[in-house]
Amino acid sequence: GDSVTQMEGPVTLSEEAFLTINCTYTATGYPSLFWYVQYPGEGLQLLLKATKADDKGSNKGFEATYRKETTSFHLEKGSVQVSDSAVYFCALSDRTGNQFYFGTGTSLTVIP
Amino acid sequence: EPEVTQTPSHQVTQMGQEVILRCVPISNHLYFYWYRQILGQKVEFLVSFYNNEISEKSEIFDDQFSVERPDGSNFTLKIRSTKLEDSAMYFCASRKLAGVSNEQFFGPGTRLTVL
Chain U
1 GDSVTQMEGP
11 VTLSEEAFLT
21 INCTYTATGY
31 PSLFWYVQYP
41 GEGLQLLLKA
51 TKADDKGSNK
61 GFEATYRKET
71 TSFHLEKGSV
81 QVSDSAVYFC
91 ALSDRTGNQF
101 YFGTGTSLTV
111 IP
Chain S
1 EPEVTQTPSH
11 QVTQMGQEVI
21 LRCVPISNHL
31 YFYWYRQILG
41 QKVEFLVSFY
51 NNEISEKSEI
61 FDDQFSVERP
71 DGSNFTLKIR
81 STKLEDSAMY
91 FCASRKLAGV
101 SNEQFFGPGT
111 RLTVL
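Chains as they are written, first to last, in the numbering used here: chain U, 1 to 112; chain S, 1 to 115.
A few of these clues could be false.
[Unchecked claim] Pairs of lysine-lysine residues, derived as PhoX-like cross-links and limited to a Cα-Cα distance of at most 25 Å, are as follows:
| # | chain 1 | residue 1 | chain 2 | residue 2 |
| --- | --- | --- | --- | --- |
| 1 | U | 68 | S | 42 |
| 2 | S | 96 | U | 60 |
| 3 | S | 83 | U | 52 |
Think of the hints as simulated: they come from the structure by calculation, not from any bench.
So here's chain U without its partners, still in its complex pose (with noise of 0.2 Å):
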């Protein structure tokens, strides 16, 4: 079944350092792949989002890349902040549309 493998956390980055935060999929079909965010104390958040192989997705100085040949969707950012502290879920939309798969989150500390 489909299914979504992400690198594992925590992980704790300087303020400025490049981030990226590794995601593998499992699909049948053409799935669309997201990105989302948790804050502290709220919901999960879309961050981006890819509906086709090699669409890339970006927002907020984040960026991933739909690689259907490697079935990756990397989150990246070039310098990260103190208010990118969350934890990031990457996710995928089987064909209905109608289930999401999530992987198990990865939690990011950015310290001063």
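Once you have looked at the hints, place chain S on chain U.
Coordinates of chain S only, in the frame set by chain U:
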């Protein structure tokens, strides 16, 4: 900006008791969902709901679980007789349109603790 809300934020209950978790989806959304996340594990799909009936459910969603949209705004998840292993964060989500690319909007979650 409209958002999904959930109440309560934290629910503590005794094993065997019934609990009802409440959600108010975004008002013009048509598809509703419940997910759960056991501490340290993946966010897992429980059930989807459309047009006043369940459209999909996972293996987790057994006879102990039920969902209801009792009025035009609320969407509830009931667990009839809670077990220790039901302790988790429960997320409600809603979506406006069908289709693969349309994201789901999530609430802040309800943390359920079963003692």
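Status of each hint after checking the structure:
With a C-alpha separation of about 23 Å, the suggested pair residue 68 of chain U and residue 42 of chain S falls inside the 25 Å cut-off, and the hint holds. A threshold of 25 Å between alpha carbons decides the hint, and for residue 96 of chain S with residue 60 of chain U the separation of about 24 Å falls inside it, so the pair holds. This hinted pair does not check out: residue 83 of chain S and residue 52 of chain U have alpha carbons roughly 41 Å apart, beyond 25 Å.
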